[in-house]
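> Each chain, letter by letter, is given below.
Number of protein chains: 2
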Amino acid sequence: MSDRVIKAALLGLGTVGTGVYKVLKSQEEEMSAKVGCKVEITRILVRNVEKAAAKVKDPSVLTNSWESILEDPEIEIVIELIGGINPAREYILQALNAGKHVVTANKDLIAVHGHELLDAAHAKKVDFLFEAAVAGGIPIIRPLKQCLAGNHMTEVMGIVNGTTNFILTKMSQEGMEFKDALALATELGYAEADPTADIEGLDAGRKVAILASVAFNSRVVFNDVYTEGIAKITSKDIHYAKEMGRAIKLLGVARNTEDGIEAYVCPMLIPSTHPLATVNDSYNAVFVHGDAVEDAMFFGRGAGELPTASAVVGDVFDVVRNILAGCSGRIGCTCYKQIPVKKMEDTHNRYFLRLKVEDRCGVLAEMTAIFAKYQVSVAQIIQKDTKVEGCAEVVVITEKVREGDFRTAIEEIRNRDSVRKISTIIRVYGK
Amino acid sequence: MSDRVIKAALLGLGTVGTGVYKVLKSQEEEMSAKVGCKVEITRILVRNVEKAAAKVKDPSVLTNSWESILEDPEIEIVIELIGGINPAREYILQALNAGKHVVTANKDLIAVHGHELLDAAHAKKVDFLFEAAVAGGIPIIRPLKQCLAGNHMTEVMGIVNGTTNFILTKMSQEGMEFKDALALATELGYAEADPTADIEGLDAGRKVAILASVAFNSRVVFNDVYTEGIAKITSKDIHYAKEMGRAIKLLGVARNTEDGIEAYVCPMLIPSTHPLATVNDSYNAVFVHGDAVEDAMFFGRGAGELPTASAVVGDVFDVVRNILAGCSGRIGCTCYKQIPVKKMEDTHNRYFLRLKVEDRCGVLAEMTAIFAKYQVSVAQIIQKDTKVEGCAEVVVITEKVREGDFRTAIEEIRNRDSVRKISTIIRVYGK
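Sequence order for the protein chains is A and G.
Letter by letter, the first sequence follows residues 0 to 430 in numbering that gives the first Met the number 0.
Letter by letter, the second sequence follows residues 0 to 430 in numbering that gives the first Met the number 0.
Check before you lean on any hint, since a few could be wrong.
Because identical chains cannot be distinguished in the list, a pair is counted as satisfied if it fits within a single copy or across any two copies.
Below 27 Å or equal to it, Euclidean Cα-Cα: the simulated DSSO-like pairs (lysine-lysine) are [unchecked claim]: (1) Lys21 x Lys372; (2) Lys21 x Lys336; (3) Lys336 x Lys24; (4) Lys124 x Lys231; (5) Lys372 x Lys178; (6) Lys21 x Lys420; (7) Lys54 x Lys235; (8) Lys355 x Lys37; (9) Lys386 x Lys50; (10) Lys124 x Lys33; (11) Lys123 x Lys37; (12) Lys124 x Lys37; (13) Lys33 x Lys336; (14) Lys6 x Lys33; (15) Lys241 x Lys336; (16) Lys235 x Lys21; (17) Lys399 x Lys420; (18) Lys336 x Lys37; (19) Lys342 x Lys235; (20) Lys6 x Lys336; (21) Lys341 x Lys33; (22) Lys430 x Lys372; (23) Lys50 x Lys355; (24) Lys235 x Lys24.
Don't read these hints as lab results, they were simulated from the structure.
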């Protein structure tokens, strides 16, 4: 324990920035005993100093000048919480190049420019930590880099977007349709004004890129990740899934296979007995499989002021411990492999398919003949004895098949006169 | 990355020792890229060198001489996996005093002598790590000490014994009685020849002592932890619990309350919707609550050759990273507070009570009058219309009450002529 005070700057005082400010205040009394010395926020970068004044105890720390932070030699740690690519990228690079340590929750940036930032940190032997960028408060980056370092990880996947999980939970538990559940999520503050990044799986895709990179020791960027959203899911699909012993979740999946890494985000049917199936509301969870640890799962709050701040402050304390022990930059980039990322067409999946067909003899035979032509085997099929406008609804779950082949089969089926409508196609998790 | 090889010795080549040997072999090719250099096991301490020869590639590393390890200046890391208090304690102390880093999975030892060992490591500025001592392969010690360091943790609890969780799962899912489920666990190798430490909650109690110490930054030793086993649980209790929307689990609970730490292990009823209720078979899970992170859970394999080895090797790699970065002993003992541990009588709990009473008017009134005298409120009650030998079975769940008061009330009820038998008393988790 020392009398030293380590000075830090906060960039941004939005939800997470305010949370970090609060959490550091609440740790003020015991942080010296815990990590060896005090950390003090001496500068906070905001756009509007006057508006931000009410949020802090001492408004004199507020500034709208990035230079005043960059050029202050006493500031050793920069906590970047403004989000987005620009100017966050420039600020972080400048801070690292100036020998400052950086902690960030910026998934957009890391999923695209992570390599560049980690390289810059390595060159200056400073820390660049980002535990909060994936799954909010849930510890997952450090466990993967350290606790599970004795494993060859083969799979890391999870529910890494709280908004969509809340929507799917409401659809499943209360029979709501997508647009009503989205409206409720917006009303309750779970969904942003423009919910595209959540709904379309883009936010989850960024987290998958980061998780895959850390778990498989090989760089995966956002552009490598196939993404598909949940807007097409109906309560009817969820109902059929339940009947087939499964839940529907928006999953981010990364798999290290013999012929490359698979990385995608899409709604999937998952067995009701799988630990991820019981992760509801806005909770997140990351499920991993390694050759030594076997299955493990990390569950908690994936967003929110204080949970995200918990992860940020954990990183800040680690930076402090490294400074005091003289080992800054102790664990940097761990991507020492170059594994190719597979195209989505080359992944092998099972599929849930709901379609309307003419209610006459031979239609099922036609469809299954096309399936057979492209090596698509049927595992489960449901056709109910209820007809609407001369059509029957058929629901099929296939065995595993190459996605490209399945797509070709679907195009051929879609062109048949007997097929009135392909209502939904959803991938199915499992062997 | 360096050409340096760090030499390590393994003490013990049982299940976990063999696992560590295998995992280190499987990481041989990439550990330099991952952690900076190679680790080589140059000595393995075994009782019988000849018997152990078949288990290793190069039997010349086997020895039955602890001194040959202690006195070998090239050995920088000692991995203690012999278990138990003696001679493990002496070996570890001697190794630490000789300036060697120590990694162990020894919960028995840490739950009693952790303070002494951490002090010895601190004095020599070496690492003493024990991630594998709690919940096998599940990362929990490092997440608590680092990722969640920004929290005031208020609760850490979990299913930390796989044997008893397997038994309770069989009783719940297949209606087996305790002794049959235990026999099956023994047959499948989940239970040891003498299952006392598992069944009576002692094994879980040691883990609770360690978890509480790390989570609340205050020393809790095994002797502070109240323990109660699962031998008294019947399939009938489980059946009633289900009817009341709950599962029965052997929980290790540690809570940091205003008037001290509560630390105990006992079977408990837990709401079926709680994440821990769905943790089945031999899986473990640790649930934590902190003021910033809110709820989080860590799930996985709590025992077994490779999962436990995963945690041990994660620690070994951390020791290596510290050696290379020149910051050994970077994170040592984090118990900087002295919070008293409460007696079990002073904890407040809810209770599930199953009893046989005379089937006549006024008996329930008598019982509830005694309850009222000791501030015990009834929250739920079930009495079925089936009588055996003139007796009715009554099942009650109480509101929260001080345990000491509840015990007094129970003694008074037990002495009533109208009460034929108090079949079971089980605590109930929740407000």
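> Each hint: holds or not?
Each hint, compared with the structure:
Within a single copy, lysine 21 and lysine 372 get their C-alpha atoms no closer than 62 Å, and across copies no closer than 45 Å, so neither meets the 27 Å cut-off. In this assembly of identical chains, the alpha carbons of lysine 21 and lysine 336 lie at most 27 Å apart only when taken from different copies (22 Å versus 39 Å within one copy). With identical chains, the CA atoms of lysine 336 and lysine 24 are at most 27 Å apart between copies only, with a shortest distance of 19 Å across copies and 41 Å within one. Proximity of lysine 124 to lysine 231 under the C-alpha cut-off of 27 Å is found in neither arrangement, the shortest distances being 47 Å within a copy and 58 Å between copies.
Taking the shortest Cα distances, lysine 372 and lysine 178 never come within 27 Å of each other, neither inside one copy (38 Å) nor across copies (55 Å). With identical chains, the CA atoms of lysine 21 and lysine 420 are never at most 27 Å apart, being 54 Å at best within one copy and 54 Å at best between copies. With identical chains, the CA atoms of lysine 54 and lysine 235 are never at most 27 Å apart, being 46 Å at best within one copy and 56 Å at best between copies. With identical chains, the CA atoms of lysine 355 and lysine 37 are never at most 27 Å apart, being 66 Å at best within one copy and 60 Å at best between copies.
In this homomeric assembly, lysine 386 and lysine 50 never come within 27 Å of each other (Cα to Cα): the closest approach is 61 Å inside a single copy and 72 Å across copies. In this assembly of identical chains, the alpha carbons of lysine 124 and lysine 33 lie at most 27 Å apart whether taken from the same copy (24 Å) or from different copies (17 Å). When the C-alpha separation of lysine 123 and lysine 37 is checked against a cutoff of 27 Å, the pair qualifies both within a copy, at 24 Å, and between copies, at 25 Å. For the identical chains of this complex, lysine 124 and lysine 37 are neighbours both inside a copy (22 Å) and across copies (22 Å), given an alpha-carbon limit of 27 Å.
Taking identical chains as interchangeable, the C-alpha atoms of lysine 33 and lysine 336 lie at most 27 Å apart only when they sit on different chains, with a minimum of 10 Å there against 36 Å within one chain. Proximity of lysine 6 to lysine 33 under the C-alpha cut-off of 27 Å is restricted to the intra-copy arrangement: shortest distance 17 Å within a copy versus 31 Å between copies. For a Cα distance limit of 27 Å, the shortest separation of lysine 241 from lysine 336 qualifies neither inside one copy, at 41 Å, nor across copies, at 50 Å. When the C-alpha separation of lysine 235 and lysine 21 is checked against a cutoff of 27 Å, the pair qualifies neither within a copy, at 44 Å, nor between copies, at 49 Å.
Taking the shortest alpha-carbon separations for lysine 399 and lysine 420, only the intra-copy value of 23 Å comes in at or below 27 Å, while the best inter-copy value is 57 Å. Proximity of lysine 336 to lysine 37 under the C-alpha cut-off of 27 Å is restricted to the inter-copy arrangement: shortest distance 17 Å between copies versus 38 Å within a copy. Proximity of lysine 342 and lysine 235 under a CA criterion of 27 Å is satisfied in neither setting, with 30 Å inside one chain copy and 54 Å between copies. For a Cα distance limit of 27 Å, the shortest separation of lysine 6 from lysine 336 across copies, 26 Å, qualifies, whereas the shortest one inside one copy, 36 Å, does not.
With identical chains, the CA atoms of lysine 341 and lysine 33 are at most 27 Å apart between copies only, with a shortest distance of 24 Å across copies and 45 Å within one. Taking identical chains as interchangeable, the C-alpha atoms of lysine 430 and lysine 372 lie at most 27 Å apart only when both belong to the same chain, with a minimum of 22 Å there against 59 Å between chains. Proximity of lysine 50 to lysine 355 under the C-alpha cut-off of 27 Å is found in neither arrangement, the shortest distances being 56 Å within a copy and 67 Å between copies. For the identical chains of this complex, lysine 235 and lysine 24 are neighbours neither inside a copy (49 Å) nor across copies (51 Å), given an alpha-carbon limit of 27 Å.
Against the hints set out earlier in the document, violations occur for numbers 1, 4, 5, 6, 7, 8, 9, 15, 16, 19, 23, 24.
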